[in-house]
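Chemist: Given next are the chains, with one letter for each unit.
Number of protein chains: 2
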Amino acid sequence: MIYEGYYIFTPGPVKMSKEILEIGAKQTPYFRNSEFSDVTLYCENSLLKMLNAPKGSKVIFLTASGTAGMESVVMNLLDNDDNALVVNGGGFGARFVDICDLHGIDHFNFKVKNTNLSDIEKLAPKQKFSSLIVNAHETSIGHLYDLEAIGKYCKKNSLLYIVDAISMFVTDSLNMQKDAVDAVIISSQKALALPPGLTMVVLSPKALKKVKDVKNLYFNFKDYLRNGERGQTPYTPAVTIMLQLEARLKQIEREGGVEKSIEKAQKLAEYFRQKIKTLPLKAYTPFMPNAMTTLTPTDGKSAFKIVEDLEKNYKIMVCPNGGELKDTIFRVSHMGDMDEDYVDILVDALFDYYENN
Amino acid sequence: MIYEGYYIFTPGPVKMSKEILEIGAKQTPYFRNSEFSDVTLYCENSLLKMLNAPKGSKVIFLTASGTAGMESVVMNLLDNDDNALVVNGGGFGARFVDICDLHGIDHFNFKVKNTNLSDIEKLAPKQKFSSLIVNAHETSIGHLYDLEAIGKYCKKNSLLYIVDAISMFVTDSLNMQKDAVDAVIISSQKALALPPGLTMVVLSPKALKKVKDVKNLYFNFKDYLRNGERGQTPYTPAVTIMLQLEARLKQIEREGGVEKSIEKAQKLAEYFRQKIKTLPLKAYTPFMPNAMTTLTPTDGKSAFKIVEDLEKNYKIMVCPNGGELKDTIFRVSHMGDMDEDYVDILVDALFDYYENN
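As they're listed, the protein sequences go chains W and X. By numbering that gives the first Met the number 0, the letter at position 140 of the first sequence is numbered 139, and the numbering carries on one by one without gaps. By numbering that gives the first Met the number 0, the letter at position 129 of the second sequence is numbered 128, and the numbering carries on one by one without gaps.
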């Protein structure tokens, strides 16, 4: 199989634990029964607890990748009466802008740079909005927004607060009640460290009230909510990944809960950043999440070339960027089943690389 | 894990081979590179070959379940100028009717019963249509349509011919060129015997010409076709299932090709039907596919009770029906990694069951 035996530092897919992989090797069971409903309901409750979701919140399980979560949230929660403030600080923010465009949702393309929006009160356009959409961690550049400050702004202005948490859930803090978040999008292949193909949408009671009738079958939240009452989905779920999700959530709980998981990622990120301090690489943004470190070569080297060389000479996969940032940055994930020894493999490779190049 | 060690005779998920399961236990590799493109392109070519697709046909890989394939085909191929003849002989036919309704596509709800449409010339309403949609195998009742006769009718009337082949591909014959099929929908968790979460849409050159601009991001075929040129997808693919698909297609080729796979399913289905001939069970439809046998108790027993007892007392999963057919039929799949010895486990259980009940 391709890339077997490689070290994985890409921000999805990420390194999975042995326990999760073993479930991938089991027969997929039949799922239209109460045994599988229990799995789904367990996952729902565990996710709601980890997010400190308000009472009455619900989870929708989509067999799809993250973009489907982003699009379906816009389709189901917003309509012609809405006006969304869309934070656009990179490729994924731009995708939300495209989605609003496509579905005819009034929106403001809120282009931001060099800020984590702790100053949103000052920066936000002075007009009336009905909702705010943000990619908590703009993965294209590794930039984390200040969810608390944005939450305060949303609360003050009574905005529906939609957070794409795809690449920060369980590595960076997200608290629906504290920060007044109404909708959260999560995917399987980031810090949940499962195979790609499962996306979850979490809706607060306020968001649930907004769910409308959509002209779409596969993304009809009302159908999912109705079936979800008994732990089922309207269409075949990603059964194997659901079983892996159940095991993964239990794993997180067993290891001390989501706070411990965040703390672990934070320590690993700090460890890595400290270790490579003397190399000619600098952080691309001061607002890095625990999930990932984005680095820019300061000695004129091409970031893309570094990515290629790490792959070819050290069997290490870090993540390149496309487009105009191709030679400027590369990304190192701290998500998944990692420890300091695993991080050292990359650290050692980088030092060796700089000694010889 | 739930239902470990059970015998699986459900029409999805189905029993997977050891080779496929082992890939499920491997780390998901990074996929935005030529190595993964090669996997995708191999899968595309192999699928096109197995379908005897016309030159220039393309495959779209959706991270989604089968319904997304059904809906996206209607969204991308049909518009206000179309009038679709939708074959509705059960739950999945009805779903296509719903999809056309929802997306405002003119259609005729062609309700059929007790026919495989070999007589479509006679039965079809005498009006002008632009396309025909059929679930080749109406899985809700185990009824196979005559794709050749329908194909002749489509050809004669210049209809775009859309075939949902989800639960008959590689167990029952499907030949795009011979039967003038323009679009085919396939899913991973049926006879391809992979975990659920991957759906493929195959488009002939005639169908490709019909692909329009849709007001949807996740189901925009043009994006998939553009990215597909280099073996990529616009959004994170179901990487692990794609790698399993590659292995599975190679497995089918190694074992003699799709014809051999169909022949194997046919033999198994006949073997099972012959073996249980003396039991008080009769075929629900004379038009059974190789993929599945649908049985009705003739001694007044409840079909649902039989399903429950097989599960509880023999660790065997066959498939119940919901709704008004709940007590009338149950379904036995012949898809997946099975042989006569495996079928015997169910046969023996059924005989034992009838001796004691």
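Hints in this document: simulated from the structure, not taken from any laboratory. Among these hints, one or two may not hold up.
Identical copies carry no separate label here, and so any pair may be met within one copy or between two of them.
Once the Cα atoms are required to be at most 27 Å apart in a straight line, the calculated DSSO-like pairs of lysine-lysine come out as [said to hold, decoys possible]:
hint, residue 1, residue 2
1, K314, K112
2, K151, K48
3, K311, K221
4, K263, K48
5, K127, K25
6, K281, K208
7, K263, K276
8, K208, K249
9, K110, K263
All values reported here derive from a predicted model rather than from experimental measurement.
Chemist: Given identical chains, is K151 near K48, meaning Cα to Cα at most 27 Å, within a copy, between copies, both, or neither?
Modeler: Close inside one copy (22 Å), not across copies (57 Å); limit 27 Å.
Chemist: Between copies, within a copy, both or neither: which fits K110 and K263 at Cα up to 27 Å?
Modeler: neither (32 Å within a copy, 59 Å between copies)
Chemist: Indicate which option fits the pair K311, K221 if close means a Cα-Cα distance not exceeding 27 Å: within, between, both or neither.
Modeler: The answer is neither: 48 Å in one copy and 34 Å across copies each exceed 27 Å.
Chemist: If the cut is 27 Å between Cα atoms, do K314 and K112 qualify within a copy, between copies, both or neither?
Modeler: The answer is neither: 34 Å in one copy and 59 Å across copies each exceed 27 Å.
Chemist: How would you classify K263 and K276 at a CA-CA limit of 27 Å: within, between, both, or neither?
Modeler: For K263 and K276, the Cα distance is within 27 Å only inside one copy (20 Å; across copies 62 Å).
Chemist: Can you give me the call for K263 and K48, within, between, both or neither, at a CA distance of at most 27 Å?
Modeler: Answer is within; shortest intra-copy Cα gap is 19 Å, inter-copy 49 Å.
Chemist: Measure nothing new, just compare the shortest in-copy and cross-copy C-alpha distances for K208 and K249 to 27 Å and report within, between, both or neither.
Modeler: For K208 and K249, neither the intra-copy (30 Å) nor the inter-copy (49 Å) Cα distance is at most 27 Å.
Chemist: Evaluate K281 and K208 at a C-alpha cut-off of 27 Å and name the case that applies: within, between, both or neither.
Modeler: neither (45 Å within a copy, 49 Å between copies)
Chemist: 27 Å Cα cut-off: does K127 pair with K25 within a copy, between copies, both or neither?
Modeler: For K127 and K25, the Cα distance exceeds 27 Å both inside one copy (52 Å) and across copies (50 Å).
Going through the hint list in order, the structure does not satisfy hints 1, 3, 5, 6, 8, 9.
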